[in-house]
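K.L.:
Here's the letter readout for the chains.
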Amino acid sequence: MKVAFTTSGETLDAPMDRRFGRAPKFLVYDTSAGNFEIVDNVQNLNAPQGAGIQAAQAVSRSGASSLVTGHCGPKAFKVLQAAGVAIYTTDAPTVAEALDRFRAGSLSRAQSADVEGHWV
Amino acid sequence: MIIAVASGKGGTGKTTVSVNLARVARQSVQLLDCDVEEPNAHLFLTGELKAREEVRVPVPEADETLCDGCGECSSFCRYRSLAVIDKSVLTFPELCHGCGGCIRVCPKGALSEKGHRIGVIETFQTGHVSLVHGCLDVGVAMAPPLIRAVKSRIRKGCISILDAPPGTSCPVVTTIRDADVVVLVTEPTPFGLHDLKLAVDMVGELKITCGVVINRVDAGDGRVHAFCRDRGIPILLEIPDDRQIAESYSRGMLIVDALPEYRPRFEELLARVTELSTNERKESHAYL
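From first to last, the protein sequence lines are chains A and B.
So in the numbering used here, the last one in the first sequence is 120, and the numbering has no gaps at all.
So in the numbering used here, the last one in the second sequence is 1288, and the numbering has no gaps at all.
Chain A with its partners taken away, still in its complex shape (with noise of 0.2 Å):
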């Protein structure tokens, strides 16, 4: 299966990005492959509004059945939702951190959205 964690870097040991729709990329992990692969979320970064839609989108693209970020606010958690991604939010410092929570079965999945959308 493939888990999407936000980021700012390029590898496991790069810091996650604790924002969802404004986060720089994702970092895709195939859990059955061992490796991961990178999708660009740079066109959101300037976004006005809507940048939590089109991450969930581009999230639901890349073919990962689980998220793990910061915060999710209520627009990205709705398409999210409708997608069939689990959002799973965590405060750790890199990926790697984030990975082994999530294998550890630690992360506690989001029933909502915990952030209202522009709370950065």
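In case anyone wonders, no lab produced these hints; they're calculated from the structure.
Fair warning: this is a prediction, and the values are worked out from it, not measured in the lab.
Incorrect hints may appear among the rest.
Said to hold, decoys possible - To be clear about the criterion: a stretch of chain A counts as covered by chain B if any three or more of its residues have a C-beta under 8 Å from a C-beta of chain B, and this derived list gives those stretches:
no.	region
1	42-50
2	53-61
3	69-79
To be verified - Computed beta-carbon distance windows for the label pairs:
no.	chain 1	residue 1	chain 2	residue 2	range
4	A	118	B	1138	13 to 21 Å
5	B	1010	A	45	16 to 24 Å
6	B	1071	A	31	26 to 34 Å
7	A	114	B	1232	52 to 60 Å
8	B	1108	A	97	40 to 48 Å
9	B	1205	A	114	41 to 49 Å
10	B	1108	A	86	27 to 35 Å
11	B	1138	A	31	45 to 53 Å
To be verified - 20 Å max Cα-Cα, derived EDC-like pairs, lysine to aspartate or glutamate:
no.	chain 1	residue 1	chain 2	residue 2
12	A	25	A	91
13	A	2	B	1086
14	B	1087	B	1061
15	A	78	B	1205
Note that CB positions come from ideal geometry on N, CA and C, so glycine has one too.
Fit chain B to the given chain A structure using the hints.
P.N.:
What follows is chain B alone, placed relative to chain A:
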């Protein structure tokens, strides 16, 4: 003739000027309150409610039996008001600007228009003044579609006065666009001057002729006068910082009703505005 009353800074007296201007007109006149987030002209011109209509903007609605999930609609929309997941389209009406582009680009004809309510337009009649105002619903972020709906009530052949919202952004530009003349109301303070400069630049961008009304004229200094002189902008009226005006305002009364000695000044304002707009038309005809 379309006269827009704008300001830049809030609280300078746009509505005061608009309602008094409407009252002194000797012919049939319309006052269109385009400050749809907080319309208040009706507090001064109380009249009989003639009509109340809901205003809707067209937002897309998807027929999922026709959608093949191509995503053209979503990638076309610069406001990101649609998301396509597999073969289902999620719409976010609160982000939609109602341009209809998604409906046009859909190769399957799966999208159609549905009305999304944004507010109401009410029309009142007070003597010879017909007052039209828009009230934006709470939670609606975009005023321009409602302002355009208010402006669609403009009747040709009479005087139409547009009371603009404060500021210099989209709602104001939507209001004053197509006006024959803009009256900029300011006050002689550093704040009034700062925002007047912005408003003058905005009006210049739109190539509309303008004049200035200075309210509470004894309150500040001479920098607004100097600015107008330097820029060649006519000062159409100066309203003194008169306690009686403030008192009549507090009671919701018009200056020209409560203090008839001011009536000739507003009549002169209307005459000067009319003259500005006529000159403007002659000049623009010269280019044709």
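K.L.:
So which of the earlier hints does this model not fit?
P.N.:
Per hint list: 5 and 15 violated.
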